[in-house]
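There are 2 protein chains.
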Amino acid sequence: MLTYDLSNRDGKTMYEYLYECIRDDIMQGRIKENEKLPSKRMLAKQHSISLKTVENAYEQLLLEGYLYTRERSGYYAGAVEAGYEIKESGAIYEPIPQEEYRINLANNQAALDKFPYSQWVKVMREVLTVRERELLNTVPFQGAYELRKEIANYLYDFRGMQVSPDRIIIGAGTEYLYGRLIHLLGRERLYAVEDPGYQKITKLYAANDVSWKYIGIDENGIKVDELAESGANVVHVSPGHHFPTGTIMPVGRRQKLLEWAAEERDRYIIEDDYDSEFRFVKRPVPAMQSMDVNHRVIYMNNFSKTLAPSIRISYMVLPQKLMDRYINTMNFYSCTVSAFEQYAMVEFMQKGYFERHIQRMKNYYKSKRDSIVKLLQESRLMELLTIEEKDAGNHFLLKLHTPLSDMQIKGAMREAGVKVDFLSEFCMQNKEEHSHTLIVNYSNLTEEDFQYALRRLEEILL
Amino acid sequence: MLTYDLSNRDGKTMYEYLYECIRDDIMQGRIKENEKLPSKRMLAKQHSISLKTVENAYEQLLLEGYLYTRERSGYYAGAVEAGYEIKESGAIYEPIPQEEYRINLANNQAALDKFPYSQWVKVMREVLTVRERELLNTVPFQGAYELRKEIANYLYDFRGMQVSPDRIIIGAGTEYLYGRLIHLLGRERLYAVEDPGYQKITKLYAANDVSWKYIGIDENGIKVDELAESGANVVHVSPGHHFPTGTIMPVGRRQKLLEWAAEERDRYIIEDDYDSEFRFVKRPVPAMQSMDVNHRVIYMNNFSKTLAPSIRISYMVLPQKLMDRYINTMNFYSCTVSAFEQYAMVEFMQKGYFERHIQRMKNYYKSKRDSIVKLLQESRLMELLTIEEKDAGNHFLLKLHTPLSDMQIKGAMREAGVKVDFLSEFCMQNKEEHSHTLIVNYSNLTEEDFQYALRRLEEILL
Chain A
1 MLTYDLSNRD GKTMYEYLYE CIRDDIMQGR IKENEKLPSK RMLAKQHSIS
51 LKTVENAYEQ LLLEGYLYTR ERSGYYAGAV EAGYEIKESG AIYEPIPQEE
101 YRINLANNQA ALDKFPYSQW VKVMREVLTV RERELLNTVP FQGAYELRKE
151 IANYLYDFRG MQVSPDRIII GAGTEYLYGR LIHLLGRERL YAVEDPGYQK
201 ITKLYAANDV SWKYIGIDEN GIKVDELAES GANVVHVSPG HHFPTGTIMP
251 VGRRQKLLEW AAEERDRYII EDDYDSEFRF VKRPVPAMQS MDVNHRVIYM
301 NNFSKTLAPS IRISYMVLPQ KLMDRYINTM NFYSCTVSAF EQYAMVEFMQ
351 KGYFERHIQR MKNYYKSKRD SIVKLLQESR LMELLTIEEK DAGNHFLLKL
401 HTPLSDMQIK GAMREAGVKV DFLSEFCMQN KEEHSHTLIV NYSNLTEEDF
451 QYALRRLEEI LL
Chain B
1 MLTYDLSNRD GKTMYEYLYE CIRDDIMQGR IKENEKLPSK RMLAKQHSIS
51 LKTVENAYEQ LLLEGYLYTR ERSGYYAGAV EAGYEIKESG AIYEPIPQEE
101 YRINLANNQA ALDKFPYSQW VKVMREVLTV RERELLNTVP FQGAYELRKE
151 IANYLYDFRG MQVSPDRIII GAGTEYLYGR LIHLLGRERL YAVEDPGYQK
201 ITKLYAANDV SWKYIGIDEN GIKVDELAES GANVVHVSPG HHFPTGTIMP
251 VGRRQKLLEW AAEERDRYII EDDYDSEFRF VKRPVPAMQS MDVNHRVIYM
301 NNFSKTLAPS IRISYMVLPQ KLMDRYINTM NFYSCTVSAF EQYAMVEFMQ
351 KGYFERHIQR MKNYYKSKRD SIVKLLQESR LMELLTIEEK DAGNHFLLKL
401 HTPLSDMQIK GAMREAGVKV DFLSEFCMQN KEEHSHTLIV NYSNLTEEDF
451 QYALRRLEEI LL
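Chains as they are written, first to last, in the working numbering: chain A, 1 to 462; chain B, 1 to 462.
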């Protein structure tokens, strides 16, 4: 016979409280398995509560399996084991702390204060007003058609590429698309990466249980002979803007690379075209993909570097053969970019904001580079260094003539609150060959910051 | 000696046109490798164009590697091979067509017309106004802290779960998080899935080169004995709302499953809690995770099903041990959800809109279900069917007593323009046992639509 004190329920509704009392009795074994419970009517009468309350409590217990019923016979305790109880205390929150520097010469993010926020807000508000239907429906797995069309036009106008939107896949970040790509090409392959190069790629390979090989670079980019000997059949390169040196792969080397790919079926080149927009040249260098007559180039780019890191829109262009394979094997992957941001980007591009932003940033980075290079040339350090790759976009290299090791300088700078990266840190093999080369990312740097960093560097080197 | 007709440049700038002329001469071999080019001055004089124009053209050709220079000796044609030319014609666009039905009983998407669009717009506009800083900066790899905090509170209030935001990972879609999870747990494992069950999961396993085993279910859910014999050490279940039957796993079975996990180290249960919000019961069934004392349950849920499919925000709760592993091995994966949507969701939850939306939808689905069940009970079909799992949320099952096969009925319905799914279609083994069970998703169904589908079904069955 169940008897509960229903007067003190600390805020819980009668039905909730009754539910918990019975549940706990069953959990604690005070009500045994298969034991018959009082009829709803009797329990209600006994506690002088409404029948409905008891019905609700029994219904819930039934639903969760604490009770079961037998035809025309009533409610019985189900099979449960004691010892489990629902924990009740709240959770403790504390965010993960971030490493702090006074000045960061290693940060190559876009200059946020130059992001055309008001225009971005404008198109977003517009999208909210006029696109309700599109915003609520799922976009195609490869991304909103309108955005793919805009991207195709952009690639045609600025990268000399001629691609159908049907071969474009939009995803939330290059890492995500890269994951898809590894699935698409297969894990058993051997992947080749530039050394020095973009190390995150190898982290992705590692996380995907994929094996890779480092291929050295010379002043023209990746060494094709070394690549040919490596046995790799996929290579990741950034011909428009090598990371982190910033060099452009000349047409001759591009052709050699394309020939390497053509030599055997199923060889592919992944062209990572990130940041190529920011070259300080009269016209952009056409993408390697535009020279690809054998459909071996997979083109990748994103808007995170050109607009803001928080905008997670990347895209890749697949050769038709791979696109067909993608549709057959992976079209069940929903697009990872929200409809809202995709249509905002459509408006942003259609209104010409994107193009103007790129142009504005080019000028901005150029003048920033000029002022920073000027500071360098005026500094007493000049005799100890040479400036390389000044046209790279938002960073350049400082070749230092000093007996100190890269790590000694990095350490001393860290103590002065300045974060610097050396080219050798992006090297896996023969770091020596690439030593004493400091990378200056100035996209987020003020003249004062750089002046400060320069003084510290002088103190260390002179 | 280069001589070009620079009068007819169809719209191109002089420098651009000159650049192309020389580039093509080099590509076509009219200018041989290592052949010396005329000095800039001479070329300018000869064509009576400005020196600056020639300089720009040479600069570009140099940059792209068509030319190289020798100290104090001038410009020479670089090493390129003929045969490549940049394609020029525009691209053809046509979107991929979608399969069309007049009525779709298989669509279990949220009812879009019930989405609180104005409230969503309101919070979005607010976020645009007050959150500029957060919107432009990168969010932590596991998602914005504020959103994880809101989710933790929600899970505590409605799912009986007590988790720190530090164990929550936000991603663009459950598929994406599932991919991360497979990397985290390892591909060499054997994964177990419910049969019948959510088939997309096995597609994800396939795409990730992971092997899995189907485990049968009975009226209480997955068969734990069969699971124990299978050799699997990870199991994917939806105890709060089995797909597609809609059954709830009773507490006894949950305990058995938790014990199975505890038996051996490194066994895990993936609790897919999708849609559990929409139960027609007085209070939500607590998540299995809330009973997990051994840290073996990985909890997954998303907002796409509860709000709109276009909102790609999913999340998972990891046991501390796995969270540590994630941080050590995968924190370089940037969060795939845009900062903007994350903060919009924060506002949406903080203002209580989300909670109210869930409540509103529950009532809406309930009344919709009632009216549709009423239509059924009035129909002449009633003698041929029984209704099951009426409380599942936004669908129920129709057990049909008919000699016709599921595929015969499905085909006949398709010809009538009605898409229906049968439970057997979600079965891999012993389809027979689950045959003749039609799934009615009514979340997007009008009474008229259902009336129409009902008439067709009558014509087929009677």
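Think of the hints as simulated: they come from the structure by calculation, not from any bench. A portion of the hints provided could be inaccurate.
Result set (BS3-like, lysine-lysine): computed pairs, CA atoms no more than 30 Å apart in a straight line [to be verified]:
| id | chain 1 | residue 1 | chain 2 | residue 2 |
| --- | --- | --- | --- | --- |
| 1 | B | Lys114 | B | Lys374 |
| 2 | A | Lys203 | B | Lys122 |
| 3 | B | Lys200 | B | Lys12 |
| 4 | B | Lys431 | B | Lys390 |
| 5 | B | Lys122 | A | Lys114 |
| 6 | B | Lys390 | A | Lys36 |
| 7 | A | Lys149 | B | Lys12 |
| 8 | B | Lys321 | A | Lys52 |
Here are the in silico distance ranges between beta carbons for each label pair [claimed, not checked]:
| id | chain 1 | residue 1 | chain 2 | residue 2 | range |
| --- | --- | --- | --- | --- | --- |
| 9 | B | Arg102 | A | Val121 | 38 to 44 Å |
| 10 | B | Glu188 | A | Asn137 | 51 to 57 Å |
| 11 | A | Asn137 | B | Arg30 | 41 to 47 Å |
| 12 | B | Arg414 | A | Phe332 | 18 to 24 Å |
Okay, the calculated bits of chain B under chain A, using three or more residues with CB under 8 Å as the criterion [what the hints assert, rightly or not]:
| id | segment |
| --- | --- |
| 13 | 226-238 |
| 14 | 356-370 |
| 15 | 406-419 |
| 16 | 434-448 |
For every residue, glycine included, the Cβ atom is placed at its ideal position computed from N, Cα and C.
Is B/Lys431 close enough to B/Lys390, meaning Cα to Cα at most 30 Å? holds, 22 Å
Hinted pair, alpha-carbon criterion (30 Å max): A/Lys203, B/Lys122. Please report holds or violated. Outside the cut-off at roughly 40 Å; violated.
Using the beta carbons of A/Asn137 and B/Arg30, state whether their distance is inside 41 to 47 Å or not. violated, 54 Å
Indicate whether the distance between the beta carbons of B/Arg414 and A/Phe332 respects the range 18 to 24 Å. holds, 21 Å
Given pair status - B/Lys12, A/Lys149, alpha carbons within 30 Å: holds, 24 Å
Pairwise hint evaluation, B/Lys12 against B/Lys200, where the allowed Cα distance is 30 Å at most: violated, 52 Å
Regarding B/Glu188 and A/Asn137, is the given constraint of 51 to 57 Å on their beta-carbon distance met? violated, 39 Å
For the pair supplied as a hint, B/Lys114 and B/Lys374, confirm whether the alpha-carbon distance does not exceed 30 Å. holds, 22 Å
Lying within 38 to 44 Å: is that true of the beta-carbon distance B/Arg102 to A/Val121? holds, 41 Å
Between B/Lys321 and A/Lys52, is the straight-line Cα distance small enough, at 30 Å or below? Roughly 45 Å separates the two Cα atoms, so the pair is violated.
Run the distance test for B/Lys122 versus A/Lys114: straight-line Cα separation, threshold 30 Å. Holds - the C-alpha atoms of A/Lys114 and B/Lys122 are around 27 Å apart, at most 30 Å.
Under a C-beta cut-off of less than 8 Å, do 3 or more residues of the segment 356-370 of chain B approach chain A closely enough to confirm the stated coverage? It is violated, with 0 qualifying residues against the three required.
Consistency with the previously given hints fails for numbers 2, 3, 8, 10, 11, 13, 14, 15, 16, ordered from lowest to highest.
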